[in-house]
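**Student:** Based on these hints, arrange chain V on the given structure of chain U.
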Amino acid sequence: MIAETHRDEVAIQGGALPEILLPTNCPGCGIALVMDNLRAHNYVCTECGHHFRLGADVWISLIADNGSWQERWSDVRSHDLLNWTVPKPYQETVERLLEDGLNESVRTGTCTLSGRPIWLATFDFGFVGGTLSIVAGERLARGMEQAAASGIPYILVSASGGARMQEGVLALMQLAKVNAAVGRLHSARVPYFSILTDPTFGGTAASLALVADINIAEPGAAIGFTGPRVIKQATYADLPPGFQSAEFQLAHGQVDMVLPRTELRPLLAQLLEMYA
Amino acid sequence: MSVWEIVELARHQDRPYSLDYIRRLAPDFVELHGDRLSADDPALVGGVGTWHGRTTIFLGHQKGRSLKERVARNWGMMHPEGYRKALRLAHHAAKFGFPIVSLIDTPGAYPGAGAEERGIAAAIAHAIMDWFRIPVPIVAAVIGEGGSGGALGMGVADRVIMLENSIYSVASPEAAASIVWRDNTRKVEAAEQLQLTSREILAMGVVEEVVPEPQGSASADHDAAARSLDEALYRNLQPLLEQTATQLLQHRYDRFRYIDSLIQAEPHFGPKID
Chain U
1 MIAETHRDEV
11 AIQGGALPEI
21 LLPTNCPGCG
31 IALVMDNLRA
41 HNYVCTECGH
51 HFRLGADVWI
61 SLIADNGSWQ
71 ERWSDVRSHD
81 LLNWTVPKPY
91 QETVERLLED
101 GLNESVRTGT
111 CTLSGRPIWL
121 ATFDFGFVGG
131 TLSIVAGERL
141 ARGMEQAAAS
151 GIPYILVSAS
161 GGARMQEGVL
171 ALMQLAKVNA
181 AVGRLHSARV
191 PYFSILTDPT
201 FGGTAASLAL
211 VADINIAEPG
221 AAIGFTGPRV
231 IKQATYADLP
241 PGFQSAEFQL
251 AHGQVDMVLP
261 RTELRPLLAQ
271 LLEMYA
Chain V
1 MSVWEIVELA
11 RHQDRPYSLD
21 YIRRLAPDFV
31 ELHGDRLSAD
41 DPALVGGVGT
51 WHGRTTIFLG
61 HQKGRSLKER
71 VARNWGMMHP
81 EGYRKALRLA
91 HHAAKFGFPI
101 VSLIDTPGAY
111 PGAGAEERGI
121 AAAIAHAIMD
131 WFRIPVPIVA
141 AVIGEGGSGG
151 ALGMGVADRV
161 IMLENSIYSV
171 ASPEAAASIV
181 WRDNTRKVEA
191 AEQLQLTSRE
201 ILAMGVVEEV
211 VPEPQGSASA
221 DHDAAARSLD
231 EALYRNLQPL
241 LEQTATQLLQ
251 HRYDRFRYID
261 SLIQAEPHFG
271 PKID
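Order-wise, the sequence lines are chains U and V. Under the working numbering, read the first sequence as residues 1 to 276, first letter to last. Under the working numbering, read the second sequence as residues 1 to 274, first letter to last.
Calculated from the structure, these hints are not laboratory results. Among the hints, erroneous ones may be present.
What the simulated footprint calls covered on chain V by chain U, stretch by stretch (three residues with Cβ under 8 angstroms from a Cβ of chain U suffice, anywhere in the stretch; the number is not a length) [to be verified]:
{"hint": "1", "stretch": "114-126"}
{"hint": "2", "stretch": "163-173"}
{"hint": "3", "stretch": "177-188"}
{"hint": "4", "stretch": "199-213"}
Here are the simulated lysine-lysine pairs, DSBU-like style, with alpha carbons at most 30 angstroms apart [as the list claims (entries may be wrong)]:
{"hint": "5", "chain 1": "U", "residue 1": "K88", "chain 2": "V", "residue 2": "K187"}
{"hint": "6", "chain 1": "U", "residue 1": "K232", "chain 2": "V", "residue 2": "K68"}
{"hint": "7", "chain 1": "V", "residue 1": "K68", "chain 2": "V", "residue 2": "K187"}
{"hint": "8", "chain 1": "U", "residue 1": "K232", "chain 2": "V", "residue 2": "K187"}
{"hint": "9", "chain 1": "U", "residue 1": "K232", "chain 2": "U", "residue 2": "K88"}
Please read these numbers as outputs of a predicted model, since none were measured by experiment. The beta carbon of each residue, even a glycine, is placed where N, CA and C say it ideally should be.
Same shape as in the complex, but just chain U (with noise of 0.2 angstroms):
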């Protein structure tokens, strides 16, 4: 007899969340912020359901189980290849973020979800908008082939405005590492499910986000392949409301759901059992 995972005997969050920088007042209905009921209840607004956008950190301790995860490739670091100059010079970019304590646009890791192994992987905005790198790409193509040899479910959570520009062309190569990559999940049978939040675009939306097994997007979140800005600039089309929304990206078929954050991690444990 195999005991069944119920959705609503799981946490909706694996361990208590860090404290995020949250505005006083909710962008979506204006109510007052208060930190501790929204860190309970995965920062989406519980009166109208706004997703806040959420740091690599957070994500880890949304999903996994409290004190399982094991962080990998955190000492891989990236190199200004191009000696990028303007507007800023992209090494102290990544020298003064690494010093705010973000560590690349990818952190990968294995943890424990409900109890089953599982390989993790989270996009941090916060780090140049986390924009898919060498390093964000090495740490992903390594996660992958490690979650293909031993058969371990992997989970992604995106969050990121595409290529990192300031790498160039390696930059756009990623895109290929990491789909050759993905290819090795699906030939050897391993589940890969994707979490798509706000924003995915460009080069990870035309990557490995939008081929999981399950794609699942958070509600409202912005993904797209180009960007509103360069639309409007390129075509000088006047784009409609919920233009590349998440529920947009449902009703065209590229998405399996739109589920609300609170509900994500009992659906993936579920998920998790049926795919075992």
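**Tutor:** Same frame as chain U, now just chain V:
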């Protein structure tokens, strides 16, 4: 020559486009149309022709010269249907064991609302992933503009070469300027920062070879440019013909998996895979 002059050469309207090359490489070329789902993307031509005695699948971004033709070809900017057509023809090549030649010449995938509505991101993502499973030799050449994911969606190959005055970039200079500075008029500056010329791309280890162009660039002599491209593509194809499908796919994987190895070799890049 300045970087921007090279960008202008790469985009020059007298420059040979994919069909100019394909018709010289394979005079018996038969164009094949459609993605078998909903449409035919005129920004990507595909078909079959005899090349050095071997039936070969040709794919290429196609730009137009007259205004009417440029509009019809959408300036070589593909919609999702184009990537789906390309992969249909790649599977066609795999069925018959034909090698594939892919010519890259695009500012990028089409940045418009219709492309978004029909899933351009997923179309490119699936194309990039599926190229790694096509068990026949693939040689690609950047012949003009290699812009962004729109180019890479056609650029996963066993060998990738570039014509001397072509460019390959994470984003077009205009898009990069728009992204970094929110100002697409700073395209010249962006082009200089991006290191998108063939020599720079070769130095980064992203392409195998830079193909010299005739005196005065490929625009000046289409026949001579086609001869150079033909020779380089065929020379790069030959060793691939001797590999088994398993070897091809493993080498293709490794080519992109370690494409940044020149950077990874830097001591502060971090540990090798354990």
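**Student:** Need the list of violated hint numbers for this structure, in ascending order.
**Tutor:** none
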